[in-house]
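Q: Sequence:
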Amino acid sequence: MSKETTQLIRLFKEINHQPVMATRTHHHGRGAQRLLQLLSRHDGLSNAEISEMLDIRPSSVSASIKQLEAQELIVRQPSLSDKRVLTVHLTTKGRQITDRLNQVYDQMSERLFANLSKEERCQLVELLTKVNQEAQSLSTNLDSEMTELTRQARMIKEQFHR
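My numbering applies: residue 1 is where the sequence shown begins, and numbers increase by one.
It should be emphasised that the hints constitute simulated quantities derived from the structure, not laboratory data. Backbone N, C-alpha and C define an ideal beta-carbon position, used for all residues, glycine too. Some hints could be false.
Said to hold, decoys possible - Calculated cross-link-like contacts (lysine-lysine; reagent style DSS-like; alpha-carbon spacing at most 30 angstroms):
| # | residue 1 | residue 2 |
| --- | --- | --- |
| 1 | K130 | K118 |
| 2 | K118 | K157 |
| 3 | K157 | K13 |
| 4 | K83 | K13 |
| 5 | K157 | K3 |
| 6 | K3 | K83 |
| 7 | K3 | K66 |
| 8 | K130 | K3 |
| 9 | K66 | K83 |
| 10 | K118 | K3 |
| 11 | K93 | K83 |
| 12 | K13 | K3 |
| 13 | K130 | K157 |
Unchecked claim - So the derived label-pair ranges between C-beta atoms look like this:
| # | residue 1 | residue 2 | range |
| --- | --- | --- | --- |
| 14 | K130 | V85 | 36 to 44 angstroms |
| 15 | Q123 | T5 | 27 to 35 angstroms |
| 16 | V85 | A135 | 39 to 47 angstroms |
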């Protein structure tokens, strides 16, 4: 990796982790926050759908649901289409939390890009769109070796987060 690409990756990681630090004041873990945000956009998902959409283990989904249910931020209800399946829904209290989180994200976004001119923001959007398209292309064209390396990296990451 060149010096410039190494610096870009490091900067992406640093920027990406800033919102996580700001929202920790709401006393919800990162997984629980992701689940709340997902439900704010797609209320009424099953555990399996949540697991797939967040790309996390079903046991992690269950733990987050249990935590959020104890805090009265979500409720589980039988699915209208299949009574054997429980769907997860935000409570009024949960909706208030996600609304507040969204306000914090909006404020942070405004402050983060406040020192860029409109032209610079447009240019940044164009550049990041190109990078994102390449990342999507790479992810859809992974060969079996890269898939295995990704799996191993994920396992190592999970070991550190236990």
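Q: For each hint, tell me whether it holds in the structure or not.
A: So, going through the hints one by one against the coordinates:
Straight-line distance between C-alpha atoms of K130 and K118 comes to about 19 angstroms, which keeps the hinted pair within the 30 angstroms bound. Note on K118 and K157: the hinted pairing is violated, with a Cα-Cα distance of about 38 angstroms set against a maximum of 30 angstroms. Between K157 and K13, the direct Cα distance comes to roughly 15 angstroms. Compliance with the 30 angstroms bound is thereby established for this hinted pair. A threshold of 30 angstroms between alpha carbons decides the hint, and for K83 with K13 the separation of about 42 angstroms lies outside it, so the pair is violated.
As the CA atoms of K157 and K3 are separated by approximately 25 angstroms, the hinted pair is consistent with the 30 angstroms bound. Restraint check for K3 and K83: not satisfied, since their Cα atoms lie roughly 56 angstroms apart, outside the 30 angstroms limit. Pair hint K3 plus K66 does not hold up; C-alpha atoms about 45 angstroms apart against a cutoff of 30 angstroms. The straight-line distance between the Cα atoms of K130 and K3 is roughly 20 angstroms, inside the 30 angstroms bound, and the hint therefore holds.
Straight-line distance between C-alpha atoms of K66 and K83 comes to about 20 angstroms, which keeps the hinted pair within the 30 angstroms bound. Between K118 and K3, the direct Cα distance comes to roughly 29 angstroms. Compliance with the 30 angstroms bound is thereby established for this hinted pair. Of the supplied pair hints, the one linking K93 and K83 holds, its CA atoms being roughly 25 angstroms apart against a limit of 30 angstroms. Note on K13 and K3: the hinted pairing holds, with a Cα-Cα distance of about 16 angstroms set against a maximum of 30 angstroms.
Between K130 and K157 the alpha-carbon distance is near 28 angstroms, which keeps this suggested pair within the 30 angstroms criterion. As the Cβ distance of K130 to V85 is approximately 41 angstroms, the hint placing it in 36 to 44 angstroms holds. Hint check: Q123 to T5, Cβ distance near 19 angstroms, so the stated range 27 to 35 angstroms is violated. Here the CB-CB span from V85 to A135 is close to 34 angstroms, at odds with the stated 39 to 47 angstroms.
When held up to the earlier numbered hints, the structure conflicts with 2, 4, 6, 7, 15, 16 and fits the remainder.
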